[in-house]
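Q: Here's the letter readout for the chains.
Protein chains: 2
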Amino acid sequence: MRFVIEAGRLKGVLRQTRLTEPDRQENSAEHSWHLAVMALVLAGHAPPGTDLGRVIAMVLVHDLVEIDAGDLFLYADEAQQARQEAAELAAADRIFALLPTEQATRFRALWDEFEERSTQEARFARALDRLQPMLANVRAGGGTWAEHGITAGQVLAKVALIEDGSATLGGYARDLVEQAVRAGLIGLAPAGGEPG
Amino acid sequence: MRFVIEAGRLKGVLRQTRLTEPDRQENSAEHSWHLAVMALVLAGHAPPGTDLGRVIAMVLVHDLVEIDAGDLFLYADEAQQARQEAAELAAADRIFALLPTEQATRFRALWDEFEERSTQEARFARALDRLQPMLANVRAGGGTWAEHGITAGQVLAKVALIEDGSATLGGYARDLVEQAVRAGLIGLAPAGGEPG
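Each protein sequence line maps, in turn, to chains A and B. In this text, residue positions in the first sequence follow the working numbering: the first is 1, and each later residue adds one. In this text, residue positions in the second sequence follow the working numbering: the first is 197, and each later residue adds one.
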């Protein structure tokens, strides 16, 4: 129960992603719920033999470390990402240790699996985690892409990880980026860059 | 994908439950996530043979109808509950129909199962759904109990449904109410009632 109560604090961790309805930043708890619903509904796009139960368990716990470490923007630089990784490891040590030993080991292993993308379940879970904010950005008319001047090339580089988890969802994401470019939601070159 | 995007609107449905950290009302999406985490962690308190995957799927989708119907306070009167039930049925018809036919049927059946408490999976899921706001109320120093002048007797009447889903969680909830009474977080008689 200590773990259950501590987990509730994830509702207070705000992400970069901007929701349109309601119009506010998304938090990591509702983001995790949305991924779990996506896993249920999009299960048919996972490679054959994928253990859906493990995918869902992974997306449910994957962001708990943000209770201590906070959320980092996907396009942060390498130094920021290295600091974030260290903070998340320390958070995993603290938070999963609130569980009874057997569960602590099991949930920590799930989190490691997600981070390391070491199984097809983890790769599918990571694909969902990357696709969901893209849907939100399209819906928000550009969202964090527009806000931070992210280019289509930068987004497409991130789509590789979706393709790695699910060929069809990867194709879908690639189409989504192309549509976003055509709709003017995302630029081909960095904002403020020299034309030509 | 239409269903996935529509589901995201559940983040905008506010519940009565008051969170303490952050200090604001809880929404139904993050509530559903919390239930799914509880299902993972408290699985050992489900009756033997419980299909945990179905419990988790049920708690993930159980509140989607609130996108149209909104959330109703647990202690609402019978007329309000009848109106809510009709609104939720109409919402289920609309929202699950956004899915491809086979999935629409499957998810609607899961929602019906939860509502009807017709299986041990549904009874365990409902137990979690009832226990979670109790934890929040204790943490909030009374929460909605204090706000609405709910008595220990009214809460204990609701604990029966937790016991029906899990003997040990029911016992835990009963102890929680007793502790809340001793701590003065919840009254034995209605607030404003005649003493003696």
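It should be emphasised that the hints constitute simulated quantities derived from the structure, not laboratory data. Ideal Cβ placement from N, Cα and C applies to all residues, glycine included. Hints should not be assumed to be uniformly reliable.
Stretch by stretch, here's where chain A covers chain B in the computed footprint (C-beta under 8 angstroms, at least three residues) [stated by the list, open to error]:
id, stretch
1, 234-240
2, 278-290
3, 375-382
Facing chain B, from chain A, some residues (calculated, C-beta under 7 angstroms) [to be verified]:
id, residue
4, F3
5, E6
6, A7
7, L14
8, Q16
9, R18
10, D23
11, S32
12, L40
13, V41
14, A43
15, R54
16, A57
17, L60
18, L89
19, L98
Q: Hint by hint, note whether the structure agrees.
A: Each hint tested on the structure:
Counting residues of the stretch 234-240 of chain B whose CB falls under 8 angstroms from any CB of chain A gives 4; the rule of at least 3 is met. Using a Cβ-Cβ cut-off of 8 angstroms, 0 residues of the stretch 278-290 of chain B lie near chain A, which falls short of the minimum of three, so the contact claim is violated. Check on the stretch 375-382 of chain B: 0 of its residues sit with their Cβ under 8 angstroms from a Cβ of chain A, so the three-residue criterion for coverage is violated. Interface hint status for F3/A: upheld, as the beta-carbon distance to the closest one in chain B is roughly 6 angstroms, under 7 angstroms.
Of the supplied interface hints, the one on E6/A is violated, with its beta-carbon coming no nearer than about 10 angstroms to a beta-carbon of chain B, more than 7 angstroms. With its C-beta approaching chain B no nearer than about 5 angstroms, A7/A sits inside the 7 angstroms limit, and its interface hint holds. Checking L14/A against chain B: minimum C-beta separation of about 9 angstroms lies over 7 angstroms; hint violated. The beta carbon of Q16/A is not positioned within 7 angstroms of any beta carbon in chain B (closest approach about 15 angstroms), and the interface hint is therefore violated.
Taken as an interface hint, R18/A does not check out: its beta carbon lies about 12 angstroms from the nearest beta carbon of chain B, beyond 7 angstroms. For the restraint placing D23/A at the interface with chain B, the shortest Cβ-Cβ distance is roughly 9 angstroms, beyond the 7 angstroms limit, so the hint is violated. Given hint, S32/A at the interface with chain B, holds; its Cβ is 5 angstroms from that chain's nearest Cβ, closer than 7 angstroms. The interface hint given for L40/A is met, as the beta carbon of that residue sits about 6 angstroms from the closest beta carbon of chain B, less than 7 angstroms.
For the restraint placing V41/A at the interface with chain B, the shortest Cβ-Cβ distance is roughly 6 angstroms, inside the 7 angstroms limit, so the hint holds. Annotation: A43/A was flagged as interfacial toward chain B, and the flag is violated, the nearest CB pair being 9 angstroms apart, outside 7 angstroms. A distance limit of 7 angstroms between C-beta atoms decides the matter here; for R54/A the minimum to chain B is near 10 angstroms, and the interface restraint is violated. Because the beta carbon of A57/A sits about 6 angstroms from the nearest beta carbon in chain B, less than 7 angstroms, this interface hint is met.
Residue-level restraint check for L60/A holds (minimum Cβ-Cβ distance to chain B is 5 angstroms; threshold 7 angstroms). Below 7 angstroms, beta-carbon pairs count as interface contacts, and L89/A has none with chain B, the closest being about 21 angstroms; its hint is therefore violated. For L98/A, the shortest C-beta to C-beta distance to chain B is roughly 10 angstroms, which exceeds 7 angstroms, and the interface hint is violated.
Consistency note: the structure conflicts with the earlier hints numbered 2, 3, 5, 7, 8, 9, 10, 14, 15, 18 and 19.
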